[in-house]
Amino acid sequence: MRANALHWVLRRLGGVLLLAGLGVHMYVMHFAAAGNVTYQAVSARLMQPGWIAFNAAFLLTAVYHGYGGLWDMAGEYLRPGPALKAARTIIVLLAMGIVLAGSMSLFP
Amino acid sequence: MAWAAHRVSGVALCAFVMLHVMVLTSLGNPEEFARIVEFSHKPVVRAAEYALLLLAASHALIGVRLTLMDLGVPARLEKPMFVAAATMLAALGIIGARAFFWGTH
Chain V
40 MRANALHWVL RRLGGVLLLA GLGVHMYVMH FAAAGNVTYQ AVSARLMQPG WIAFNAAFLL
100 TAVYHGYGGL WDMAGEYLRP GPALKAARTI IVLLAMGIVL AGSMSLFP
Chain F
310 MAWAAHRVSG VALCAFVMLH VMVLTSLGNP EEFARIVEFS HKPVVRAAEY ALLLLAASHA
370 LIGVRLTLMD LGVPARLEKP MFVAAATMLA ALGIIGARAF FWGTH
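Just so you know, the protein sequences line up as chains V and F, in that order. Be aware that the first sequence starts at 40, since it is given in the working numbering, and climbs by one per residue. Be aware that the second sequence starts at 310, since it is given in the working numbering, and climbs by one per residue.
Quick caveat, the hints were computed from the structure, so don't treat them as lab data. Beta carbons: idealized from backbone N, C-alpha and C, even for Gly.
Every beta carbon over 10 Å from chain F, so not counted as near; a handful from chain V, in silico: (1) Met86; (2) Ile91; (3) Pro119; (4) Val131.
Just so you have them, the derived chain F footprint on chain V, three or more residues with Cβ under 8 Å: (5) 49-62; (6) 76-85; (7) 101-107; (8) 138-146.
Make the full structure from the sequences, and use the hints.
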């Protein structure tokens, strides 16, 4: 029960953090950088430790919030058994894949 | 209805994040990067990005409202919260439209 409560709180907190992070991400990539979304500019930014840390935290928070949500939804729509196990396995594999792929972009 | 919209938008955003990260991993060199950026300037892609902005904003605003309701905010405030969320979404929609279709983006 305590683990579920912690998961509930972390998902909501993650949502709020994602809101802030998305604002920064959208502003930097789509508004402030207008006309300067080049390989060189993005690469230069992604060499700065602060931006690497921000993007890593953004990625992990997004995956936890989103795929944690899918995990909860699977539990609500599927009865405990092979189908639920399969669905949650797929969700975990997708989440891990996204984290791995995103990390490869951040740490080439 | 808000609960259902929150779920549907959440699933759509999960799919988008997966696609977005997949595209990012393919941007290994300046030429490919420039090609993708050029592609993203097409009107249909701009429209899709604008729709994504609205989808994410809706999901966030509905999520905040649902969380406040879960935390015990009085039922009489449900409608004012809905109005506030709808107003913020409309404002974001106008700012986003200006930036994506007529502005600096």
